[in-house]
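Peer 1: Construct all of the structure, not just a fragment, from the sequences and the given hints.
Going down the list, the protein sequences come from chains A, B and C.
The working numbering numbers the first residue of the first sequence as 17 and each following residue consecutively.
The working numbering numbers the first residue of the second sequence as 18 and each following residue consecutively.
The working numbering numbers the first residue of the third sequence as 3 and each following residue consecutively.
Treat the hints as calculated values from the structure; they're not laboratory data.
Just so you know, not all the hints are guaranteed correct.
Label pairs and their calculated CB-CB ranges [claimed, not checked]: (1) E192/B x H198/A: 53 to 61 Å; (2) H198/A x V197/B: 45 to 53 Å; (3) V372/A x Q189/B: 17 to 25 Å; (4) A510/A x A196/B: 55 to 63 Å; (5) A510/A x V197/B: 19 to 27 Å; (6) G164/A x T294/C: 36 to 44 Å.
Ideal Cβ positions, reconstructed from N, Cα and C, are used throughout, including at glycine.
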Amino acid sequence: MKRGSDAGRGALAPLLAAGALGLALYALLFASPYAIRLLTLAGIDALLVIGYQLIFGHAGALSLAQGAFFGLGAYVTGILGSAAGLGFLVTFPLSLLLPAALAALVAVPTLRLQSHYFALATLGIGQVLLLGARNWDAVTGGANGLAGVPGVIVLGIAVPAGLPLLALIWAMVALGGALARHVVRGPLELAFLLLRESPLGAAAIGLDGGRLRLLAFVASASYAGAAGALGAHALRVVSPDVLGFPVMVTCLAMTVIGGRLRVAGAVLGALLLVSIPEWTRFLEGAYLLAYGLALLAIIILMPEGVIGVLERAGAVSRSERPLPPVRSRPPPQPAKAACSECRLDIRGLAKRYGGVEALAGVDLALKSGEILGLIGPNGSGKTTLVNLVTGVDAADAGAILLDGAAIAGLPAHGIARRGIARSFQAGALSPSMSVLDTVALARQAAERRLTLGRALVAGHGRRAFEAARGEAMHLLESMKIGDIADRRCGELAAGLRRRVEIARALALRPRFLLLDEPAAGLVTEERRRVADDLAALASEGLGLLVVEHDMPFLMPLAHRIVCLDRGRVIASGTPAEIARDPRVVAAYLGTAAPAAG
Amino acid sequence: MLALQLLVNAVALGAAYALVALGFVLVLNATGAVNFAQGDMVMAGGYAAVVLAGSLPVPGLVLLPLVLLLTAAFGVVFSLIAYFPLRARPPAAVFISTIATGIILQNGANLLFGAEPRAAPALLGGGILRLGAFVLPRQSLAIIAVAAVLGLAQHWLLRRTQFGRALRATAQDREMARAVGVRVDRMIAASFALATTLAGAAGFLLANQFFVTPTSGSDLILKAYIAVTIGGWGSLAGAVLGAMLIALFEVGVSAVLSYEAAMAALYAVLLALLWLRPQGLIGEAARARA
Amino acid sequence: MAQSSRSLLAAAFAAALLCGAAAPAPAAELAIPILVPVTGFLSLEGQSQRNGALLAMADAPPGLAIRHPVADTGVSPAVAVNAFEKALGEKPVAVIAPMLGTEMLALLPLALENKVPLVTISGTAKITELGNPWIFRFFPGDNVVKLAQARYIAEVLGAKHPAIIAQSDAYGQSGQHYLEAAFADLGIKPVLSETVDVEVKDLLPVLSKARAAGADVLVPHLHAPATALLVKQASALGLGLPIVSGSAMATPSTAALLDPAELKGVCAESASAPILPTAPAGERFLAEYRKTFGGEPDTYALAQYDGAMMLLDAIAAGARTPAAIREALATRSYRGIAMTYRSDGAGNMAHSALILCYDGTSRKPRIARRYDDIVALK
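Peer 2: Here it is as structure tokens:
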């Protein structure tokens with residue numbers, strides 16, 4: 017599957033290039049002014065959609081502000097170009113910057129909202145701008161808008177309408193597309209994938225989801241602003257229509273129909289949706305009806321967009337080509353010696369959910385090299401404890417100290433970056449990501465190599481990612497699961513998934529590792545392997561907290577065991593002491609506990 | 018005096034908006050998808066009433082059940098075309114398919130009926146009711162009454178019948194509902210039918226006073242969307258509350274400020290609400306799942 | 003093999019994408035494309051515009067072969083420009099251009115560049131204020147009709163405290179602006195001047211404000227549904243105020259929404275009254291329109307009919323090129339059904355307006371006043 021889609025993408029490149037060349041030749045040699053006009057519009061829309069793919073496709077947030085940013089860009093160019101008489105070199109950068117600034121501003125209160133609220137809040141931006149554009153006559157020209165927007169003039173040289181403007185706009189599309197691809201492809205693309213498919217998993221490897229979404233939102237706004245500015249130059253007027261909801265609907269439709277993630281999809285979607293209503297024009301009054309029917313047919317028949325259909329066609333024809341082999345390489349020695357005397361202290365930790373007291377003042381301590389088992393009946397607060405320590409949930413009271421420094425209240429990704437890794441009871445892997453990429457992404461994140469600056473400089477694709485992939489391969493081989501490196505996480509059996517999660521956690525080089533039921537659902541052989549892995553890790557100096565029900569698994573493994581019941585510690589000691597403790601037995605068997613001494 | 022009239026008008030408009038928003042929430046709960054054609058369903062209901070009234074010279078009250086039946090059947094067809102083929106896809110796909118359906122409905126109506134505004138018959142005769150110094154439009158009172166009856170009927174259906182329990186089970190957890198023997202597909206189709214029925218009723222009621230044109234439904238979807246967000250995503254009571262709030266701004270606040278200021282104030286309230294109470298007025302606190 | 007067939011597919015795709023563009027035009031006939039908004043919020047008026055133009059083409063002087071493809075301009079300037087660029091492929095001698103002001107503003111520079119006369123019925127004042135020699139407007143602009151509306155209110159009704167209620171879009175803002183200017187000219191200060199969004203349903207709030215402000219006449223400048231609603235709600239409220247509306251109330255389909263009793267004391271400005279013909283030519287137009295389109299013509303249909311007829315008249319008189327046609331339209335005078343058209347030098351051809359009033363017994367208005375040779379407001 018993984019191989020298939022990559023091969024499909026590869027096979028598609030010459031086809032798309034041929035299509036692009038054909039269109040370019042057509043535009044140069046045969047196109048009527050009308051065809052040039054349509055291609056110009058398609059280029060503007062393509063730029064808009066390439067930006068929208070960042071926030072909607074990659075970051076997975078249904079923003080309905082892309083149309084508003086487009087309109088804002090158009091108005092900035094319109095107002096500064098026609099009223100203030102400024103040139104392209106001033107108006108164009110400002111048309112990018114203002115929407116980006118507005119995006120950054122509104123992102124603060126809105127990006128934390130859940131998906132549909134985010135959609136509505138972003139829709140509100142457009143409505144407010146529209147009200148402003150219609151009623152702020154003196155500046156915006158009111159409902160009539162502004163006429164006489166100048167063409168593109170760079171350093172005194174005018175770019176005339178028709179072919180020259182078309183060339184300029186498609187050059188911008190090529191530039192914008194290349195930039196988006198350069199930045200997003202490779203590790204950042206994987207980071208977005210994990211963020212979409214498993215936000216918890218993303219936080220657990222230290223990815224700041226809010227920051228990634230903010231970047232995508234701001235970038236998408238500047239693409240929209242650029243498209244709006246070029247649209248204003250091409251149409252020579254700006255009216256409130258550019259802020260209307262139909263612009264947003266068209267952009268969304270182009271993205272879904274073209275494809276959400278590929279730049280080529282944005283271009284195809286734009287070309288197609290600009291053309292369909294023109295093809296159906298001969299139907300006169302019924303042409304928009306035909307447009308609606310065509311839209312419905314495409315969305316039903318092409319689930320992954322036009323680009324998905326083409327990719328699949330490409331993948332079927334090419335025989336499955338294996339990925340180039342990854343050269344396994346040991347990770348570089350850390351600058352600081354591995355911590356041998358680290359401590360994780362938990363004091364008086366408490367949490368209520370509604371009326372239920374999940375944790376009622378728990379004290380725990382964990383040292384480097386130690387395996388601490390955490391047991392207790394269902395609902396005794398074990399998972400809550402792990403969630404509080406790793407910042408997935410906020411504690412109501414109590415302290416969490418890592419080597420004496422308070423970490424309670426930090427976000428989950430911040431805690432992961434401080435060296436506390438975890439696995440999840442239900443798993444938090446991206447089902448469509450390969451095992452190797454899953455672990456390599458964690459390596460990349462651990463080395464702080466997932467920044468925008470790095471993505472801009474280091475270039476796209478696999479190369480920037482080669483070191484992390486080598487190290488990930490090394491880690492997988494050392495855990496004896498190198499053979500599944502290019503399988504997708506979603507295809508794996510539960511035991512393998514558990515071990516991939518452990519490998520991913522280890523790729524972060526944590527000081528402490530918190531495992532939530534690592535043996536659940538595993539067969540004996542798999543359990544033994546996981547136990548061996550854990551024992552080896554402890555002997556290398558890692559501190560482990562293992563939440564588990566499976567006593568035969570935990571007894572020989574743990575150095576100490578703590579038992580929780582109804583949010584309180586009811587016993588702690590060596591495995592042997594715990595096994596004999598009547599309160600533990602009672603808690604598990606459900607008989608009344610004898611009074612605690 | 019006037020304040021009371023404004024209040025009655027606001028409640029009537031809010032009641033009609035509430036029907037639209039309720040249908041929106043029903044589909045949302047059953048499928049997790051946003052039905053962007055809900056506003057155009059209102060328009061379709063309006064034209065259904067206009068056409069039926071043209072061929073059947075009976076009072077509006079008799080026409081109402083016919084319109085409801087017609088729009089219910091339409092809802093099932095709608096779900097078969099725009100939802101079921103896309104059920105395994107991300108919600109954005111249904112978003113687009115319903116937008117496409119809306120385009121088809123609008124332009125179909127433009128072709129069939131032309132762009133002239135049309136008026137549907139009044140439910141209980143037009144004109145006004147004089148209560149002392151108060152002048153109340155009969156149709157406004159009829160809208161409030163019908164919306165209340167339909168709202169209560171829906172509440173009864175969802176809370177007190179086996180069908181309603183199956184519907185709610187489907188909305189809560191589709192797989193679980195299937196496991197206990199609920200025919201999930203039928204329940205989803207029924208949700209669509211109910212949603213378009215409520216929209217159709219709203220269309221009938223609104224098309225008397227406010228007329229119907231091919232584009233008259235397109236702005237309603239924004240209002241439904243806002244109502245549902247204000248009220249709490251997925252909450253039926255919240256949708257009604259949100260719809261009333263919008264109508265209050267539209268009719269009440271705009272009687273004091275200008276329309277533009279009233280709308281700007283509505284968006285300001287909306288943004289403040291999203292900021293202070295992201296879960297909506299009536300909504301469970303959104304809690305991250307571990 | 004699969005590979006090459008896919009390449010073919012892609013080539014076909016690319017070719018198909020653009021095939022709509024290159025239909026060659028036969029040389030013998032002249033082309034006058036009809037670009038009008040027949041979908042979207044202005045489709046009612048846009049369809050009237052189209053019908054008027056089509057009727058004129060059917061009535062073309064014998065011997066003239068005119069191709070007149072119809073294309074929708076929707077509601078956005080971008081769609082209008084698409085339609086125009088496509089129409090340019092037909093090498094038109096003139097274009098019937100959309101009545102939507104924002105679309106006209108986008109088409110004006112293209113008409114100048116390509117030297118094609120635009121014949122329109124858009125009321126937006128600004129389109130003839132830009133010094134573009136290729137625009138000809140066969141409809142009195144708001145700077146003409148609003149003056150007639152205000153004068154009727156001041157001089158015939160003797161009202162002193164008008165309340166202006168306008169739509170908040172381009173149509174409404176233009177009307178509001180010139181109503182305010184016209185009243186100022188007459189020394190009257192409106193007690194209320196407010197805009198209402200197209201989406202707004204209930205008009206009771208603005209009516210209550212008008213009452214509170216002490217208005218003695220309501221002056222709406224709204225689209226058809228809102229106009230009908232305003233008249234209905236004002237009647238239900240028992241305000242007892244006269245209403246002198248924008249042209250929407252002069253349209254038969256708007257009157258059809260109301261009871262005759264609700265129309266008592268309601269007047270409207272209009273460029274013409276095609277359902278009240280005063281001469282045989284008008285009667286013939288009315289009969290033809292009813293027969294062809296099965297409905298009542300409104301003032302837009304008649305204005306566009308007159309405009310297209312003047313265009314055809316110029317062609318019949320020998321103007322066969324865009325430049326010759328422009329020259330003819332700019333200098334000649336034409337006696338149409340609604341009025342006599344003559345350019346004021348800026349392309350404004352229509353300078354007359356009517357006030358129509360309903361008497362409360364039928365949905366058919368009567369002509370209350372006729373204003374000719376109005377000097378436009380600045």
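Peer 1: Now tell me, hint by hint, if it's right for this structure.
Peer 2: We went through each hint and held it up to the structure:
1. E192/B x H198/A: 53 to 61 Å: violated (42 Å)
2. H198/A x V197/B: 45 to 53 Å: holds (52 Å)
3. V372/A x Q189/B: 17 to 25 Å: Since V372/A and Q189/B have Cβ atoms about 20 Å apart, the given range 17 to 25 Å holds.
4. A510/A x A196/B: 55 to 63 Å: violated (21 Å)
5. A510/A x V197/B: 19 to 27 Å: holds (26 Å)
6. G164/A x T294/C: 36 to 44 Å: holds (40 Å)
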